[in-house]
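Taken in sequence, the protein lines are chains X and S.
Residue numbers for the first sequence, in this note's numbering: 1 to 636.
Residue numbers for the second sequence, in this note's numbering: 1 to 210.
No lab work stands behind these hints, which were simulated from the structure alone.
Just to be clear, a hint being listed does not mean it is correct.
In silico lysine to any residue, SDA-like type, Cα no more than 25 Å apart, as pairs [stated by the list, open to error]:
| id | chain 1 | residue 1 | chain 2 | residue 2 |
| --- | --- | --- | --- | --- |
| 1 | X | K484 | S | E46 |
| 2 | X | K633 | S | Q86 |
| 3 | X | K24 | X | P472 |
| 4 | X | K511 | S | R49 |
| 5 | X | K511 | S | E46 |
| 6 | X | K633 | S | H104 |
| 7 | X | K563 | S | Q86 |
| 8 | X | K633 | S | Q140 |
| 9 | X | K563 | S | Q19 |
| 10 | X | K633 | S | Q136 |
| 11 | X | K563 | S | I52 |
| 12 | S | K83 | X | V559 |
| 13 | X | K606 | S | R49 |
| 14 | X | K629 | S | G100 |
| 15 | X | K443 | X | L513 |
| 16 | S | K106 | X | P627 |
| 17 | X | K484 | S | Q19 |
Bear in mind that the values here come from a model prediction, so they are computed numbers and not experimental data.
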Amino acid sequence: MTEYFLQAFIYLAAAVVAVPIAKKLGLGSVLGYLIAGVIIGPVTHIVGQETATIQHFAEFGVVMMLFLVGLELAPSMLWQMRNRLFGLGGLQVAISTGLVTGIALLFEQPWSVALAIGLIFSLSSTAIVLQTFNEKGLSNTEGGRNAFSVLLMQDIAVIPMLAFIPMLALPDLVAAAEGLQSSAEHHEQLNLVAHLPTWAYAIAILASIGGVIVLGHFLSRPLFHYVASSGLREIFVATALLLVVGIAALMSLVGLSPALGTFLAGVVLANSEFRHELESNIEPFKGLLLGLFFITVGAGINFEILANQAPVIGLLTLAIIVVKASVLWGLAVMFRIKNSNRWLFSLSLAQAGEFGFVLLSFSVQQHVIPTDVASILQLVVALSMFLTPVLFILFEHVIMPRYQADTSNQSYDDIGHSASVIIAGIGRFGQIVNRLLVANGVKTVVLDHEASQVENLRKIEIQSYFGDATRPDLLHTAGIENAKLLIVAIDNREQAIELITYVKHTYPKVKVLARAFDKGHNYELLQAGADYTVNETYFSALELGAEAMTELGFHPFEVEQKKYAFCQTEAAASNQLYQQWLGGSEGQKFDPNYRKLFMQMEENIKQAMQRDRMDKHDGAERGWTPPPKNYEKGFD
Amino acid sequence: MSASQARKKILLLFAHPSQKRSEVNLPMFELAKSLDFVTCVDLYSEYPRHHININREQQRLVDHDIVIFQFPFYWYSTPSLLKEWQDLVLEYNFAYGPDGAALHGKTFICALSAGGAEQAYRADGYNHFTVRELLQPLEQTARLTGMCYLPPFAIFSSRSTQCQRQQHLANWRKLLEALSFELINHDKVAELTTINDALPALPNLASMAV
Numbered sequence: 001m002t003e004y005f006l007q008a009f010i011y012l013a014a015a016v017v018a019v020p021i022a023k024k025l026g027l028g029s030v031l032g033y034l035i036a037g038v039i040i041g042p043v044t045h046i047v048g049q050e051t052a053t054i055q056h057f058a059e060f061g062v063v064m065m066l067f068l069v070g071l072e073l074a075p076s077m078l079w080q081m082r083n084r085l086f087g088l089g090g091l092q093v094a095i096s097t098g099l100v101t102g103i104a105l106l107f108e109q110p111w112s113v114a115l116a117i118g119l120i121f122s123l124s125s126t127a128i129v130l131q132t133f134n135e136k137g138l139s140n141t142e143g144g145r146n147a148f149s150v151l152l153m154q155d156i157a158v159i160p161m162l163a164f165i166p167m168l169a170l171p172d173l174v175a176a177a178e179g180l181q182s183s184a185e186h187h188e189q190l191n192l193v194a195h196l197p198t199w200a201y202a203i204a205i206l207a208s209i210g211g212v213i214v215l216g217h218f219l220s221r222p223l224f225h226y227v228a229s230s231g232l233r234e235i236f237v238a239t240a241l242l243l244v245v246g247i248a249a250l251m252s253l254v255g256l257s258p259a260l261g262t263f264l265a266g267v268v269l270a271n272s273e274f275r276h277e278l279e280s281n282i283e284p285f286k287g288l289l290l291g292l293f294f295i296t297v298g299a300g301i302n303f304e305i306l307a308n309q310a311p312v313i314g315l316l317t318l319a320i321i322v323v324k325a326s327v328l329w330g331l332a333v334m335f336r337i338k339n340s341n342r343w344l345f346s347l348s349l350a351q352a353g354e355f356g357f358v359l360l361s362f363s364v365q366q367h368v369i370p371t372d373v374a375s376i377l378q379l380v381v382a383l384s385m386f387l388t389p390v391l392f393i394l395f396e397h398v399i400m401p402r403y404q405a406d407t408s409n410q411s412y413d414d415i416g417h418s419a420s421v422i423i424a425g426i427g428r429f430g431q432i433v434n435r436l437l438v439a440n441g442v443k444t445v446v447l448d449h450e451a452s453q454v455e456n457l458r459k460i461e462i463q464s465y466f467g468d469a470t471r472p473d474l475l476h477t478a479g480i481e482n483a484k485l486l487i488v489a490i491d492n493r494e495q496a497i498e499l500i501t502y503v504k505h506t507y508p509k510v511k512v513l514a515r516a517f518d519k520g521h522n523y524e525l526l527q528a529g530a531d532y533t534v535n536e537t538y539f540s541a542l543e544l545g546a547e548a549m550t551e552l553g554f555h556p557f558e559v560e561q562k563k564y565a566f567c568q569t570e571a572a573a574s575n576q577l578y579q580q581w582l583g584g585s586e587g588q589k590f591d592p593n594y595r596k597l598f599m600q601m602e603e604n605i606k607q608a609m610q611r612d613r614m615d616k617h618d619g620a621e622r623g624w625t626p627p628p629k630n631y632e633k634g635f636d
Numbered sequence: 001m002s003a004s005q006a007r008k009k010i011l012l013l014f015a016h017p018s019q020k021r022s023e024v025n026l027p028m029f030e031l032a033k034s035l036d037f038v039t040c041v042d043l044y045s046e047y048p049r050h051h052i053n054i055n056r057e058q059q060r061l062v063d064h065d066i067v068i069f070q071f072p073f074y075w076y077s078t079p080s081l082l083k084e085w086q087d088l089v090l091e092y093n094f095a096y097g098p099d100g101a102a103l104h105g106k107t108f109i110c111a112l113s114a115g116g117a118e119q120a121y122r123a124d125g126y127n128h129f130t131v132r133e134l135l136q137p138l139e140q141t142a143r144l145t146g147m148c149y150l151p152p153f154a155i156f157s158s159r160s161t162q163c164q165r166q167q168h169l170a171n172w173r174k175l176l177e178a179l180s181f182e183l184i185n186h187d188k189v190a191e192l193t194t195i196n197d198a199l200p201a202l203p204n205l206a207s208m209a210v
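Go ahead and model the full structure; you've got the sequences and the hints to work with.
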C-alpha cells in the first residue's frame, strides 16, 4: 500500500510542479506532463519499473477522451461539416499516410510496418492544438476552424485504425511473443468470446454494439432523470463514470476496442440534454488520466536511444514536420484557405499527436511494430510535439505581422459566429428572452437545473441542457470563454449573485444581464457586477398600470408619455438610490436615509406627471407642446 | 490659427428607419464619421422609441455651425422620427419666438436619396414637383428659425444605379469639406434645384485637408 501512495505522490507532484510552469511558458499542458515524466523518469530515475503497468491504467484516459470527442459529435453537426471533414480531413489523413509510408519503405521497413507508421504519423495533436488555439484566441479564425475539422476527422479516423492495425501483425513478432509468454495472459482470461465459434463471436460483437446504441438511446434518459431527481451530484458523477467504465468493460470482454465503444456511446448521447453535465463530470477524470498517460510516455523515453541515434531521430522529426506541413499547405491551396490562415492551418497541425503514442503502444502490443523501431518513433512523436510551440511562435511573430496590414480592413466578418449567448435559468422569464433571441437567429445555450423543465423545452424543439449553471465546469463546457453575453434568470436569489460574482471575476469580458426579483435583489446583482439588471415585474406592471389609466379614460398617447416620464424620473434617481443602498449598514440596507431618498423620488415622479412646460417653464414635460396662445402676434 | 480651428463644425442628423436595406445612405454616413469636423448622429439608433432628449438635441444645435438632415425621401418628406425631432426640438423661444434666436446665422442643408429618377421630379414628370419644391416646409422652417437655407444635395434613382454611387460619395465628401471651409457662395447657389450642380466647379479639397 505504502508503495502505491509513494508512487501516486511522485506522479501527482511532478504534474503539479511541471504543468503550471509549462503553461506559463506558453508550452501547453501536454508538454508539461511530458516534461514532468522525463524528469521523474530518465533524468532522475525516481520512477521506472512500474511505468508499463501504470500506462495500461492511464490509457483509460484515452478511452474517456474518445467518449468526450463522441459527445461533441451530434450526427447533425457531422452532416453539416461533411465537406470539410471528409474532404479536407480525409485527404489530409490519406495523403500524409501515403507519404510517410513511402518514407518508411525507403528505410527498408516491411510494408505492413511502413503502413502502420504512416497511419500513426498522419495524426496531429488535438490536445496541444486546440488548447493553443484557445489560449491565443485563434479558434474562430478561418485557419482555426479548418484545423478543427481536420483534427475531428483524425479523431474519428483513430477508430478504424484501432480496428485495422491488428491485421498488420507480423508473424515473426507474434511467434516471438507467444514463445516468451506461454502462460495465459490476463487479457485472454477475461475474454468471454475467445473460445466461441466464429459465428457466435460475430453475433456477440454485433449484440454488444447494438446494445450500446439501443440502451444509450432509450435507457440513458430515464436513468439520468432518475439520478438527477435525487439531487445528489456525486451520484450523477458516479453514473457518468459507470457508463464509461461499463461500456469499456463490455467492449474488452468481447475483444473490441474500449475506445471504439465509448466513442460510439458519446455520439449516441451527443443530442442528450445531459450532454454538458456528462461532459463536465467526465472531463476532470479524463484530464488527470490523460495527464498520467503523458507522464508515463515521458518517463518511458529512452535517453540511451536518443543519445545513440540523435541525428536519425532529429532528421526524422524534421522530415515529418516538413512533409505534414507541405501536405496541409497543398490542401489549403486546394480548399482556398488564404493568407495568414493558410500558414496557421499548415503549421499548427504539422506535429504528430498523442494518439501517436496510443497507436504506437497498441501496435507493439499487437505485434505490428518491433519494439526497437517503436521506441525510436516514440521519440520522434514526442520531439515533434515539443517543437509545436516553436511553430506557433514562428507564426505569431514572423508570419502574422506580414498579413496584419491586410486584415485590418475586414471588420464586418461573421459577427454571428462568436456572438453566443448563454442563458442560465429557463423558467417563465428566461424562456421569453430565449424566444426573442432565437427568433432573431441568435445562437443560445440554455442551462437549467430542473430536468423536467428541460424536457418540456426539448419537446418544443428549444435547445436546452440539464445542469446547474452555478458550477464553473459546466459554464466552461457551455463555452463561457467565447460567449458574449450571460443572461442570468435562475430562481435562486443567492445563486444568481454567486454566479455573477464568479463570472465577472473569472471572465470580465462577458457581459452579464440579470433578472432581479425586487429592488434589494436588483442592487445585490449590481453589486455582484451585473452590467444590466431589470426587475422582473417592473415593465409588466408599468404596462398594466398604463392599461388601467387608458381604461379610466386617459388618452392613450398621454398615458404613453406619462409612462415614459415615470421611467425617466425613476432612472434619473436610480444611481443615487443605489449609492445610498451601498452605503447602508449590513442588515439594514434600506435605512431611513434610503427611505427619505425614495420618498423624494416619488414626489419628483408625482410632480413630473403634473408639469406643463409652458406654465412652469421648468422643462420637465417636453414634447408636443404647442406654442402659447396668441403667439402669432409676434410675427408681422 | 490652425486649419482645424478655422473649420466650421457640422452637425449631421441622420434619420434612416431601415438601415439594413440602406445602400447609399449608410456608406455616406460611414464616410462622414471618418471626418473629424462632422458630428454624426444616428437618430434612429439614439431614439429607437422616438423619445427624443430635447435638451441634448438643443445643445447639439447650439454647438455647431452647420446643420445637415440626411435621410431617404419618404412620401415627399422626412422619415417620421426626423419630423418628430423638428416638432420637439425646434421649440418656441428656442428656435423661434421673441427669445428664439439659437439658430440664427447657422447654415441648413438636406442630403437626401430619392428612389425615383431625376426626370420624375419635374413639372412634367410623374412627381410634378422638384425635390427643392417638395422640401419647401423645411426651407420655410430654416427661414423662420433664421438659418441660411442651401439647396438639397440629392441622389436620384438611388436603388437602381450602381455606377453613380462612387461618384456620389466623392461629391458628398467634397460637399462636407466645402461646407466646413466655407467655400460655397450662398448667393451663387441660392436658386439651384440641387446643390449637386455646383460641386464640379469647386476646387478639389483633398489637398487642403492636410
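Hint consistency between K633 of chain X and Q140 of chain S [alpha-carbon to alpha-carbon, up to 25 Å]: 18 Å, holds
task: For the pair supplied as a hint, K484 of chain X and E46 of chain S, confirm whether the alpha-carbon distance does not exceed 25 Å.
output: 22 Å, holds
message: Between the alpha carbons of K633 of chain X and Q136 of chain S, is the straight-line distance 25 Å or under?
response: 23 Å, holds
- request: Would you mind confirming whether the straight-line C-alpha gap from K633 of chain X to Q86 of chain S stays at or under 25 Å?
  value: 22 Å, holds
message: Between the alpha carbons of K511 of chain X and E46 of chain S, is the straight-line distance 25 Å or under?
response: 21 Å, holds
- prompt: Straight-line Cα separation of K606 of chain X and R49 of chain S no greater than 25 Å?
  reply: 23 Å, holds
message: Need the status of pair K83 of chain S, V559 of chain X: alpha-carbon distance at most 25 Å?
response: The given pair, whose Cα atoms are some 21 Å apart, holds under the 25 Å limit.
Given pair status - H104 of chain S, K633 of chain X, alpha carbons within 25 Å: 20 Å, holds
- prompt: When you check the alpha-carbon spacing of K24 of chain X and P472 of chain X, does it fall within 25 Å?
  reply: 22 Å, holds
query: Under the criterion that the straight-line Cα-Cα distance not exceed 25 Å, is the pair K484 of chain X, Q19 of chain S satisfied?
result: Between K484 of chain X and Q19 of chain S the Cα gap is close to 24 Å, so the pair holds against 25 Å.
query: Are K563 of chain X and Q86 of chain S close enough, with their CA atoms no more than 25 Å apart?
result: 23 Å, holds
message: Checking one constraint from the list: CA of K563 of chain X to CA of Q19 of chain S, max 25 Å. Satisfied?
response: 28 Å, violated
When held up to the earlier numbered hints, the structure conflicts with hint 9 and nothing else.
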